[in-house]
Amino acid sequence: MTVAELQRLNNLGGTTISVGQVLRLSGEAAPATGTAAPATAAPASTSPTVPSTRSTAPGVSQAPLPPRLSAAELAPTPAGTRLSGVSVSAPEKLMMGDAFALRLSGPRAAEATVRFLSEVGEDVRRPAEVLRPGGAAGEYRVLGRVVLGKTTPVVYEVRLGDEVLRARIPVSPLNQTVQHLNLPSRISGVLQDAGRAAEERAVENAYALRSPQVWTRPFAPALANRAATSSSFGQPRTYVAGGPVNYHYGTDYPAPAGTPVLAVNDGTVVLAGKYPVRGNLVVIDHGAGLVSLYFHQSRLNVRVGDKVTRGQKIGEVGTTGLSAGPHLHLEMRVRGEATDPADWMNRLWPR
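First residue of the sequence shown: 0, per numbering that gives the first Met the number 0; consecutive thereafter.
Since the hints were derived computationally from the structure, they do not count as laboratory data.
Treat the hints with care, since some could be wrong.
[Claimed, not checked] Calculated pairs, DMTMM-like style, for lysine to aspartate or glutamate (alpha carbon to alpha carbon, straight line, at most 25 Å):
{"hint": "1", "residue 1": "Lys-92", "residue 2": "Glu-330"}
{"hint": "2", "residue 1": "Lys-92", "residue 2": "Glu-4"}
{"hint": "3", "residue 1": "Lys-92", "residue 2": "Glu-156"}
{"hint": "4", "residue 1": "Lys-273", "residue 2": "Glu-199"}
{"hint": "5", "residue 1": "Lys-273", "residue 2": "Glu-203"}
{"hint": "6", "residue 1": "Lys-306", "residue 2": "Glu-199"}
{"hint": "7", "residue 1": "Lys-306", "residue 2": "Glu-330"}
{"hint": "8", "residue 1": "Lys-273", "residue 2": "Asp-284"}
[Stated by the list, open to error] Across the chosen pairs, the derived CB separations fall in these ranges:
{"hint": "9", "residue 1": "Arg-131", "residue 2": "Ala-226", "range": "36 to 44 Å"}
{"hint": "10", "residue 1": "Arg-302", "residue 2": "Ser-69", "range": "46 to 54 Å"}
{"hint": "11", "residue 1": "Gln-175", "residue 2": "Lys-306", "range": "32 to 40 Å"}
{"hint": "12", "residue 1": "Leu-347", "residue 2": "Arg-225", "range": "18 to 26 Å"}
{"hint": "13", "residue 1": "Glu-72", "residue 2": "Arg-185", "range": "48 to 56 Å"}
{"hint": "14", "residue 1": "Arg-225", "residue 2": "Ala-201", "range": "21 to 29 Å"}
{"hint": "15", "residue 1": "Asn-345", "residue 2": "Asn-300", "range": "18 to 26 Å"}
{"hint": "16", "residue 1": "Leu-347", "residue 2": "Asn-300", "range": "21 to 29 Å"}
{"hint": "17", "residue 1": "Arg-225", "residue 2": "Asp-161", "range": "50 to 58 Å"}
{"hint": "18", "residue 1": "Pro-106", "residue 2": "Arg-346", "range": "20 to 28 Å"}
{"hint": "19", "residue 1": "Glu-72", "residue 2": "Asn-300", "range": "43 to 51 Å"}
{"hint": "20", "residue 1": "Val-303", "residue 2": "Ala-240", "range": "32 to 40 Å"}
{"hint": "21", "residue 1": "Met-0", "residue 2": "Gly-194", "range": "39 to 47 Å"}
Using N, Cα and C, we set each Cβ at its ideal position, and we do this for glycine too.
All chains, full assembly: derive it from the sequences and hints.
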């Protein structure tokens, strides 16, 4: 078998494997855990394989992943397939961590449903969820997400009654090297905090929201006149020597403590409080499965239930939680999965 096939069958994000790792071969049943995971932890310097997108906080258990769909179930429909009264437009290519919009137009676009079939068997929240497009006047959209670690194509399916259109979009890796932070224990100690399980449950509840879209204007920066100049989105990293590899799920904006933190768009505050890892945190639900998260603040200016508008001050930059200096960590999550904030800035929709 080819290296590419071995990677596809085992959801590998790189070509490094380790002693004791269980691998699925063609025609064999999937490993009991649903993923190719080392029996013992590999050293951080040799672990560029896919980190989990789900919580690893103490006390938070995770169900095993289901097996992937068969090649037949993921096969595109014949070229030229059309749905009655619905036209579908999708990006030609994507990168891991991208947010994107699947566009549906036509008199029956509101009647269609969308599923991303390639998510089944991946380390992703609510894989292949049935999604209804939002919009009006014959122009509708469904938000898509490319989970970090994914390099196999995105396969989407649009259904209209008994009619089916299925197609795929190629995905490219980010090809970032592992960053070893080696944070001192006075900072990294929060990773073992007893409150982490409650923190993870709180954000997972926010990720599960499916409210109607409320934004009508392009997304704006969370800090005025500040560029993202530190840790890049999607960077695989370790926080302590020999620790597990995790992705950097957001973008960091260094700024002096007290710098105003601004809502990137209209929405409702669904979390506002202090947590062990994220520090003083605000989470805003924008609808359509999209939430924005603002970490490490020194002060919060909003409460749960507040309706906020684009550009409104929601807090101030700080260095609370797992932080080594004043900065804002911004995340944009589509149905719980991290997407690159740059895909959203100054746009009404990602590409």
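Which numbered hints fail: none
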